[in-house]
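K.L.:
So the chains spell out like this:
Number of protein chains: 2
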Amino acid sequence: VTAAPALIALDWGTTSLRAYLMGAGGAVLQSAEHPLGILKVEGGDFAGAFRAVAGAWRAASPGLPALASGMIGSRQGWREAPYAECPAGLDAVARGLVEIPGENLVLAPGVSFIDADGVPDVMRGEEAQIFGAFADGGSGIAVLPGTHSKWAEVEGGRIRRFATFMTGEAFAALSGHTILGRLFEGEAFDAGGFARGVAHAALKQKGRGGLLHRLFSARTLGLFNKAPPQALRSYLSGLLIGWEIEEAAAWLRRKPLEVTVIGGAQLSAAYRAAFKQRGVAAEAAPADAAALGLWRIAAAAGLV
Amino acid sequence: VTAAPALIALDWGTTSLRAYLMGAGGAVLQSAEHPLGILKVEGGDFAGAFRAVAGAWRAASPGLPALASGMIGSRQGWREAPYAECPAGLDAVARGLVEIPGENLVLAPGVSFIDADGVPDVMRGEEAQIFGAFADGGSGIAVLPGTHSKWAEVEGGRIRRFATFMTGEAFAALSGHTILGRLFEGEAFDAGGFARGVAHAALKQKGRGGLLHRLFSARTLGLFNKAPPQALRSYLSGLLIGWEIEEAAAWLRRKPLEVTVIGGAQLSAAYRAAFKQRGVAAEAAPADAAALGLWRIAAAAGLV
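Chains Y and R supply the protein sequences, listed in that same order.
Taking the working numbering, the leading residue of the first sequence gets 1, the next gets one more, and so forth.
Taking the working numbering, the leading residue of the second sequence gets 1, the next gets one more, and so forth.
Worth flagging that the hints you see were computed from the coordinates, not collected in a lab.
Any given hint could be a false lead.
Below, simulated DSSO-like cross-link-like pairs (lysine-lysine); rule was C-alpha separation at most 30 Å, straight line [said to hold, decoys possible]:
(1) Lys276/R to Lys255/Y
(2) Lys276/R to Lys206/R
(3) Lys206/R to Lys255/Y
(4) Lys255/R to Lys206/Y
(5) Lys255/Y to Lys206/Y
(6) Lys276/R to Lys255/R
Please model the complete structure; the sequences and the hints are all you need to start from.
P.N.:
This is the structure in structure tokens:
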């Protein structure tokens, strides 16, 4: 017996869109990934993209409500849904939903955090993943690796505060557009090079080298034949991911003992290797955390 | 009365070549800059480039010795001159000169430093500038801003140890190839944005934000209208230059009270603004520090 469709849930980001047909209780009945991220929708025809993705589900179940999180609710998206400020739980995000008239679709707001120095930080879409990963209303540290990695302190199911680390994008820019990439050979993951990068990042704690300095070692270890050229790319990756972990520990004001990693399998595997090396227990969130989080937001808003 | 020509001195780097005709005592008689850095010499015809640059001086003063420092002595240059290891003074560099047969030209070695963790660092060409700036054989901290900024501890005229910071290249890669540049408007220097970046970098001391995190503020301050778009580029520049200063202070194990800045006028001005803001006295090295340093190396080697 399959539950009747109850919600169309969309995780609609910058480069891709993941769509879920969900049944009563939050079960995922069907899902599909589309290359229709907001920067890839031609002419900004979001209504057309929405029909292409959800049209068949709507036709089969007329009146089905739809909820989308992610960059679709940003200034560059379909309609801006202003940020909910930390600490932010399901209730705050549900209160901030913005309707797209005539589409029976609502957009979830992102979440913002203003730090002690008045500097803002933002997320859009990750909040749904966090609500899915912490569906039991528990507490912990969520890590969402990526272009802009996010670390969030979750307390009783609410996002207390969070920080963005530009790890993935810095890696791409530094390996593709500086002298560092010149010595790299191949793109295969090299476990030894990665582990060495993580270890060098850990020297930060001892005051031995800041990041602007340490980056140069991805060149000099190659120049002095202290690392094989096919290990250098993974070395830089390990250095940056390790650096993120060190920065995050300082941000948390303690070394984390356990974290919940939310994200794609390949990148999460690298993070899990780094966490293991640093003695941090890393639990993997369920693969459809975003869908479950969207379901919970919809429930809090009375949509389902 | 003009001194008779005694040396052809070349500061031959990656992108440009600065040539000096020097007289007895180390006076600069003539100088010229050529777009003949080692990556720009077609087909690696360094002999042809050398003749184009120094041929007229040679013809007027047959037998004039020539000395070149910089990337011309690297593996990618004309001939490799292996690094002199720190601590390195004039004597060590003079001992490492490598001859180009038939050209009456010698290449100066670069200088290397292996840190406590076994990680190498390198410079090529900066050592001549340092020997020129510290021609009195004194002690101090030399700062050479640039694509790869160098900080060196100089003791009795010798380079005791040094560190590279990839500040300039990281700025170019991050502003040109990440989301940060999207909000930038214009390339004019914005003093207020720059100062704010330096101030935010200084929060590092208080454990408030690592670099991978702090970089994202160059976007969020714009998103939240907390900084005008025409200030964001200078904000990122101030953040990175300020970060270099904080990292270097940790590397020196003390806040520097005074530094000698060696480098081009425009970039040095930004560094001097950052040093002033952080309470560090910055003295400018003479403009022709490289020429004087080359002269001193030539003298130590008995070439002049």
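K.L.:
Now tell me, hint by hint, if it's right for this structure.
P.N.:
Now for the hints, and whether the structure bears them out:
1. Lys276/R to Lys255/Y: violated (36 Å)
2. Lys276/R to Lys206/R: holds (20 Å)
3. Lys206/R to Lys255/Y: holds (17 Å)
4. Lys255/R to Lys206/Y: Holds - the C-alpha atoms of Lys206/Y and Lys255/R are around 17 Å apart, at most 30 Å.
5. Lys255/Y to Lys206/Y: holds (14 Å)
6. Lys276/R to Lys255/R: Distance of about 13 Å is within 30 Å: holds.
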